[in-house]
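A.B. asks: Protein chains in written order, with my numbering: chain A, 1 to 432; chain B, 1 to 228.
FYI, nobody ran anything at the bench for these hints, they're computed from the structure.
Hints may be right or wrong, so weigh each one.
Said to hold, decoys possible - Derived DMTMM-like pairs: lysine to aspartate or glutamate, alpha-carbon spacing no greater than 20 Å straight-line:
| # | chain 1 | residue 1 | chain 2 | residue 2 |
| --- | --- | --- | --- | --- |
| 1 | A | 350 | B | 77 |
| 2 | A | 15 | B | 143 |
| 3 | A | 7 | B | 117 |
| 4 | A | 350 | B | 75 |
| 5 | B | 138 | B | 122 |
| 6 | A | 128 | A | 112 |
| 7 | A | 350 | B | 76 |
| 8 | A | 7 | B | 122 |
| 9 | B | 85 | A | 352 |
| 10 | A | 15 | B | 117 |
| 11 | A | 350 | B | 57 |
Unchecked claim - Estimated spans, in silico, between C-beta atoms of each pair:
| # | chain 1 | residue 1 | chain 2 | residue 2 | range |
| --- | --- | --- | --- | --- | --- |
| 12 | A | 7 | B | 1 | 33 to 43 Å |
| 13 | A | 406 | B | 31 | 47 to 57 Å |
| 14 | A | 21 | B | 191 | 40 to 50 Å |
| 15 | B | 143 | A | 21 | 13 to 23 Å |
Said to hold, decoys possible - Every beta carbon over 10 Å from chain A, so not counted as near; a handful from chain B, in silico:
| # | residue |
| --- | --- |
| 16 | 15 |
| 17 | 43 |
| 18 | 125 |
| 19 | 136 |
| 20 | 148 |
| 21 | 163 |
| 22 | 202 |
Even glycine gets a Cβ: it sits at the ideal position worked out from N, Cα and C.
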Amino acid sequence: MFLFRLKHIIRLGVKSLWMHRLRSTLTTLGIVFGVCSVIAMLAIGEGASREAQDAIVQLGSTNLIIETVKPPEEKTDTGNRQGMKEYGLTYDDAESIRNTIPDAQVVVPIREIDQKARYLTRPEVAIKIIGTIPWYTEISPIRVIRGRFLSSVDLQYRLAVCVIDDHIARKLFAFDDPLGLDVKIHGSYYRVVGIVSKARHSEMTGAFGTIPAPVSQSGVVGNVYIPLTTARCRFPELDYRFSGGNRSAEKVELQKITVKVDSSEQVLPLRDILDALLARLHKKQDYNIVVPLELLRQAARTRRIFSIVLGSIAAISLLVGGIGIMNIMLATVSERTREIGIRRALGARKRDIIVQFLSETLLLTLAGGVIGIILGSLIPSLVTYFGNMPTVITSASLVLAFGISAAVGITFGLYPAYRAANMDPIESLRHE
Amino acid sequence: MAVVDIRKLSKTYQLGSVQVPALQEVDLQIEPGQFVAVMGPSGSGKSTLLNLLGCLDRPTSGRYYLGGEDVSRLDDDRLSLIRGKRIGFIFQSYNLIGQLNVVENIQLPMFYQGFSEQASAEHAEQLAVTVGLADRLKHRPSELSGGQQQRVAIARALANDPVIILADEPTGNLDSASGAEILAILGRLHTAGKTLIIVTHDTEIAARAQRIVQLLDGQVEEELDNRD
Numbered sequence: 001m002f003l004f005r006l007k008h009i010i011r012l013g014v015k016s017l018w019m020h021r022l023r024s025t026l027t028t029l030g031i032v033f034g035v036c037s038v039i040a041m042l043a044i045g046e047g048a049s050r051e052a053q054d055a056i057v058q059l060g061s062t063n064l065i066i067e068t069v070k071p072p073e074e075k076t077d078t079g080n081r082q083g084m085k086e087y088g089l090t091y092d093d094a095e096s097i098r099n100t101i102p103d104a105q106v107v108v109p110i111r112e113i114d115q116k117a118r119y120l121t122r123p124e125v126a127i128k129i130i131g132t133i134p135w136y137t138e139i140s141p142i143r144v145i146r147g148r149f150l151s152s153v154d155l156q157y158r159l160a161v162c163v164i165d166d167h168i169a170r171k172l173f174a175f176d177d178p179l180g181l182d183v184k185i186h187g188s189y190y191r192v193v194g195i196v197s198k199a200r201h202s203e204m205t206g207a208f209g210t211i212p213a214p215v216s217q218s219g220v221v222g223n224v225y226i227p228l229t230t231a232r233c234r235f236p237e238l239d240y241r242f243s244g245g246n247r248s249a250e251k252v253e254l255q256k257i258t259v260k261v262d263s264s265e266q267v268l269p270l271r272d273i274l275d276a277l278l279a280r281l282h283k284k285q286d287y288n289i290v291v292p293l294e295l296l297r298q299a300a301r302t303r304r305i306f307s308i309v310l311g312s313i314a315a316i317s318l319l320v321g322g323i324g325i326m327n328i329m330l331a332t333v334s335e336r337t338r339e340i341g342i343r344r345a346l347g348a349r350k351r352d353i354i355v356q357f358l359s360e361t362l363l364l365t366l367a368g369g370v371i372g373i374i375l376g377s378l379i380p381s382l383v384t385y386f387g388n389m390p391t392v393i394t395s396a397s398l399v400l401a402f403g404i405s406a407a408v409g410i411t412f413g414l415y416p417a418y419r420a421a422n423m424d425p426i427e428s429l430r431h432e
Numbered sequence: 001m002a003v004v005d006i007r008k009l010s011k012t013y014q015l016g017s018v019q020v021p022a023l024q025e026v027d028l029q030i031e032p033g034q035f036v037a038v039m040g041p042s043g044s045g046k047s048t049l050l051n052l053l054g055c056l057d058r059p060t061s062g063r064y065y066l067g068g069e070d071v072s073r074l075d076d077d078r079l080s081l082i083r084g085k086r087i088g089f090i091f092q093s094y095n096l097i098g099q100l101n102v103v104e105n106i107q108l109p110m111f112y113q114g115f116s117e118q119a120s121a122e123h124a125e126q127l128a129v130t131v132g133l134a135d136r137l138k139h140r141p142s143e144l145s146g147g148q149q150q151r152v153a154i155a156r157a158l159a160n161d162p163v164i165i166l167a168d169e170p171t172g173n174l175d176s177a178s179g180a181e182i183l184a185i186l187g188r189l190h191t192a193g194k195t196l197i198i199v200t201h202d203t204e205i206a207a208r209a210q211r212i213v214q215l216l217d218g219q220v221e222e223e224l225d226n227r228d
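Could you build all of it, start to finish, from the sequences and the hints given here?
C.D. replies: Spelled out as structure tokens, the structure:
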């Protein structure tokens, strides 16, 4: 019986909406746009949140990363073009941090060098050398999949060993087992003792599945980890550059020092301590302290702004759309006054009339909701494509969008339905 | 026992500050199976009486017993139920719903009483056949002649097997041939034992009725008994 009623009401609703196709379509546009914005908002928000979480996994929420930055050019004397510039983090910095800050659980100095690697006579591959210490595994989400990571023995005896990541293993050795083989880098050979892989971090799920990790600018395939001591004695810290007939040199000891603390509450206080310590050791502002935890907060802030903007658009179009629907339903009700009178005479109670018109409004808004969901699912992939922003459409957001269109239908359909129900049956029957 | 029992029924309309009495202390008893014509000039209170008899309106004072139950003080939902179950309406302008076909129109009163779709559809088809519309079941009202539409309306009025059938100028919009057909059908209903109350100007219809109630200025002026 209930099904019969529902079927009857829906069939009638569809018929009467179909009779005014153009009117119904135009009316639903507001809902369509509103639902579109809701879905886009949630998808962008979700994407940003996943990206931030990913960055945290990558950088570590209990880590502080001190980076070398090139200080601004000093244009004091134009003649001193050939002078050597020395800046950045030093081995002494790392030592001072280790010695003076008890909260610093692990201090990992990192030297990064862009190089090319070769195996036998196969083509060279661009790589990044990471000169570091065995404790690197504590601060980075890498995982040893074959062999071992660098050891303190490697460090102590400056051994020519290396650990490569799985990208290089594939690219350089193809089908050979890299363990125990030698890689030639910068004229020396390094024996491969282990293979690591990065924790899944750079695979972002977009609207159309996975978006591949961005390839770094210089075409670097992956990382080769060697002992810091080996790096220090085999690769000069001086970097010569020739530009416009002038020769200049830069000397940088370390590119990064990563400090790990016990808990994330210690991160922010330690940042100030580190800043104070380094300010004493450095004359120039040639370093920068990155706190991944703060990046997360920043991402959350950005996301909030996005949500506010899109949320307002959604709210406004839903409101305007809802008012439009109410307007049309009021017109429908007055057009069908006589029908209401007939139904009342034939035994329809007020609530039957309410149900009928409310269902019709719901039908209209839900149709708008469905169209909105379809269009709204396309927008995030456009944002990802053109705006280079990750987006994620969750099923919860679809359900929410559908719920919102239903809520709009009920909110703005109640008054017209109520008005229809409260018409005087005698007057309505007389209505022409 | 009278199926319709009206005691001192009054209805007063409030028009601005003026009180307009439409019906004044009308008494009327109608026995089951009677065919009653209500006549009178316009403004005599015919429509008001019809609305009160049809439970579309509540009296200002007085009592109305329909099938033994006092329906003069019921709330809107109860009145809707009474209308759906005990009263069949036939209007001058047919009042079919344009979007529904013949069977669906006849189903409508059953729909509001909660019949199942199948049962009501079968019953509606039977009714359509009895008023001679067997070959028009799926037609829309706009595809039917006036006489056919009025026959649909009669079938619809019979859907819930009402206690009384109220007709308001049922032949008013029809040519004489169609009007005669409708009268013939109403006559058959009377023969089958239905209680018919017809408001009309048409003396020809009135001549077929057993009783004629003449209204004037909101009061029953005279009652003619046509019974032999």
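A.B. asks: Just to be sure I understand the hint, the distance between the Cβ atoms of residue 7 of chain A and residue 1 of chain B should be within 33 to 43 Å; is that true here?
C.D. replies: 41 Å, holds
A.B. asks: If I take the minimum Cβ distance from residue 125 of chain B to any residue of chain A, is it greater than 10 Å?
C.D. replies: 16 Å, holds
A.B. asks: Is it true that the CA of residue 138 of chain B sits at most 20 Å from the CA of residue 122 of chain B?
C.D. replies: Roughly 13 Å separates the two Cα atoms, so the pair holds.
A.B. asks: Per the stated criterion, does the least C-beta distance between residue 163 of chain B and chain A lie above 10 Å, as a non-interface residue requires?
C.D. replies: For residue 163 of chain B, whose nearest Cβ neighbour in chain A is about 13 Å away, the distance exceeds 10 Å, so it holds.
A.B. asks: Residue 85 of chain B and residue 352 of chain A: Cα distance at most 20 Å?
C.D. replies: 15 Å, holds
A.B. asks: So is residue 15 of chain B really clear of chain A, every C-beta pair being over 10 Å apart?
C.D. replies: Correct as stated: the minimum Cβ-Cβ distance to chain A is 14 Å, above 10 Å.
A.B. asks: Is residue 15 of chain A within 20 Å of residue 143 of chain B, Cα to Cα?
C.D. replies: 17 Å, holds
A.B. asks: Residue 350 of chain A and residue 75 of chain B: Cα distance at most 20 Å?
C.D. replies: 11 Å, holds
A.B. asks: Would you check whether the claim that residue 202 of chain B is not at the interface survives, using Cβ distances to chain A and the 10 Å cut-off?
C.D. replies: Given a closest Cβ separation of 21 Å, the condition holds.
A.B. asks: Holds or violated: residue 15 of chain A and residue 117 of chain B, Cα atoms, limit 20 Å.
C.D. replies: 19 Å, holds
A.B. asks: Please test the hint of 47 to 57 Å on the beta carbon pair from residue 406 of chain A and residue 31 of chain B.
C.D. replies: 54 Å, holds
A.B. asks: Are all C-beta atoms of chain A more than 10 Å from that of residue 136 of chain B?
C.D. replies: With a cut-off of 10 Å, residue 136 of chain B remains clear of chain A, as the shortest Cβ separation is near 19 Å.
Comparing the model with each numbered hint stated earlier shows that all of them hold.
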